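In case you want the letters, here they are:
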Amino acid sequence: STMPAYKLTYFNGRLRAEVARQLLYLAGVPFEDVRVRRPDWPALKSKMPFGEMPVLEVDGKPLPQSFAINRYLAKEFGFTGKSPFEAAWVDAIADQFKDYNIETRRLFLVLLGMIQGDKEQLLKDVGIPARDKFFGILEKIAKENGSNGHFVGQSLTWADLLIADHVKTVNILLPGFLDGFPTVLDTVKKIESTPKLKEWIEKSPYSKF
Amino acid sequence: STFLFKTSPFPLLFFSNFHSKVSFFVEFLTICIKLRGYCRRIMPEYKLHYFGIRGLGEVPRQIFALAEVKFENVAVTREDWPEFKKKTPFGQMPVLEVDGKFIPQSFAIARFIASQHGLAGKTPFEAAWVDALADQWKDFQNDFKKFWYLKLGFGEGDVDAAKVEHGIPARDKFFPLVVKQLKKNGSGFLVGDAVTWVDVLVANAVADLEEKEAGFLAEYPEVVAHQKKVHAIPALKKWLETRPY
Numbered sequence: 001s002t003m004p005a006y007k008l009t010y011f012n013g014r015l016r017a018e019v020a021r022q023l024l025y026l027a028g029v030p031f032e033d034v035r036v037r038r039p040d041w042p043a044l045k046s047k048m049p050f051g052e053m054p055v056l057e058v059d060g061k062p063l064p065q066s067f068a069i070n071r072y073l074a075k076e077f078g079f080t081g082k083s084p085f086e087a088a089w090v091d092a093i094a095d096q097f098k099d100y101n102i103e104t105r106r107l108f109l110v111l112l113g114m115i116q117g118d119k120e121q122l123l124k125d126v127g128i129p130a131r132d133k134f135f136g137i138l139e140k141i142a143k144e145n146g147s148n149g150h151f152v153g154q155s156l157t158w159a160d161l162l163i164a165d166h167v168k169t170v171n172i173l174l175p176g177f178l179d180g181f182p183t184v185l186d187t188v189k190k191i192e193s194t195p196k197l198k199e200w201i202e203k204s205p206y207s208k209f
Numbered sequence: 001s002t003f004l005f006k007t008s009p010f011p012l013l014f015f016s017n018f019h020s021k022v023s024f025f026v027e028f029l030t031i032c033i034k035l036r037g038y039c040r041r042i043m044p045e046y047k048l049h050y051f052g053i054r055g056l057g058e059v060p061r062q063i064f065a066l067a068e069v070k071f072e073n074v075a076v077t078r079e080d081w082p083e084f085k086k087k088t089p090f091g092q093m094p095v096l097e098v099d100g101k102f103i104p105q106s107f108a109i110a111r112f113i114a115s116q117h118g119l120a121g122k123t124p125f126e127a128a129w130v131d132a133l134a135d136q137w138k139d140f141q142n143d144f145k146k147f148w149y150l151k152l153g154f155g156e157g158d159v160d161a162a163k164v165e166h167g168i169p170a171r172d173k174f175f176p177l178v179v180k181q182l183k184k185n186g187s188g189f190l191v192g193d194a195v196t197w198v199d200v201l202v203a204n205a206v207a208d209l210e211e212k213e214a215g216f217l218a219e220y221p222e223v224v225a226h227q228k229k230v231h232a233i234p235a236l237k238k239w240l241e242t243r244p245y
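Protein sequences, first through last, are from chains A and B. Okay, so the first sequence: first residue is 1 according to full-length UniProt numbering, each after it adds one. Okay, so the second sequence: first residue is 1 according to full-length UniProt numbering, each after it adds one.
Isolated chain A, as found in the complex:
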């Protein structure tokens, strides 16, 4: 059977689409990587199933929501772990990351200059507690998994890609912020040295987030 036609539509940034792009690239599957410029977005919004991006089209059929897209592609290409139990753990780490993202949203918007706010206050009240809770969990998970360069099991999963991409952003916006989590940082280094992923990272346009 022939490969489906994949088209991924998002802004010109990493944030919620980079994992999907990486999965497609790691699988060696050609895809249309559409990056929407901000001024062009309002006209497109009503065409998206939930009025948001990213949206993946598979032979023209749309699928919204970044985690649904990530999980769908990961399942197709073998990046959800080796058992239903491992797949559930990949999902659990991703959802815990989402909770941490929600907690730290204002901080990162301020760091990116997108809204006004007191960076130091947000770091103290929100950033540091959320970091210590979430990255504390990841540090423990990485150690218990054998410090083998993965957060779940013995092979690359979309949870690995998700965490590695976020750590990249944190290292840009808050250098040294994750120094207290050496196993996490080492795991991310190992993830990023996966040959095809290294290739993608090197040829991708630079983006702060």
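Derived from the structure by calculation, the hints contain no laboratory data. Since we're looking at a predicted model, the values are computed, not measured. Be careful, since some hints might not be right.
[As the list claims (entries may be wrong)] Listed next, the stretches of chain A that the computed footprint assigns to chain B, with coverage defined by at least 3 CB atoms under 8 Å from CB atoms of chain B:
id : stretch
1  : 53-63
2  : 69-75
3  : 87-101
[Stated by the list, open to error] Calculated cross-link-like contacts (lysine-lysine; reagent style DSS-like; alpha-carbon spacing at most 25 Å):
id : chain 1 : residue 1 : chain 2 : residue 2
4  : B       : K122      : A       : K82
5  : B       : K184      : A       : K47
6  : B       : K101      : A       : K140
[Said to hold, decoys possible] With beta-carbon atoms standing in for the labels, derived distance ranges:
id : chain 1 : residue 1 : chain 2 : residue 2 : range
7  : A       : G78       : B       : H19       : 50 to 60 Å
8  : A       : G176      : B       : V164      : 39 to 49 Å
9  : A       : S46       : B       : D158      : 26 to 36 Å
10 : A       : P129      : B       : T77       : 19 to 29 Å
11 : A       : K143      : B       : F51       : 26 to 36 Å
12 : B       : Q141      : A       : K133      : 15 to 25 Å
From the three backbone atoms N, C-alpha and C, an ideal C-beta is built for every residue, glycine too.
For this one, chain A is given, so just place chain B on it according to the hints.
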């Protein structure tokens, strides 16, 4: 293999007269019954740990009920929670214990049970749309709870102002998408032609809303009809009638 050696009736079949052949079949039946018991014992043991309330535990419980899969519903008391918290992977509940190993996060739990019991769509693309709708509900809930938690008596703030600023906009952003999906899908369920775990998720939320703020979804009759349809499914109806909280 010791088990099989000790209980093997096959010698009887070969060194046989009629009486021996009958003995063979009796032995064979005994092995089948023992094997069935063994298989029952190697089916996973599920324990769902949560507080003795509906909350985030209710949707996983309903999925077990709908799938007609046995599970132990462990209600952790407020007194026992600090100790048990240390044993959980994320310091949070619900956690699903599967043969002694934990899975945290309510959606990961829901999807784990649902996808093994035919409640996550019939194709990978359908499963992805189930996930997408569930995550869209989660986005709704993250905005909506700024009103809802105040209404339920948690935290400080003006409930009426929160309803106008957060509750109504969140509702009017999310539920039109649900109506659109129901109409587009056409089966009465959200995805495909059979019930999935996102039907359970949305119906549970809708029932809770209607119970505590009657008429809140008056402009979304299709959504209320969906909730009634899902909650009329016999296995789920039975759970709703007999659930502990």
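Open item on the list: Hint compliance check: list the failing hint numbers for this structure, sorted ascending.
Closed with: none
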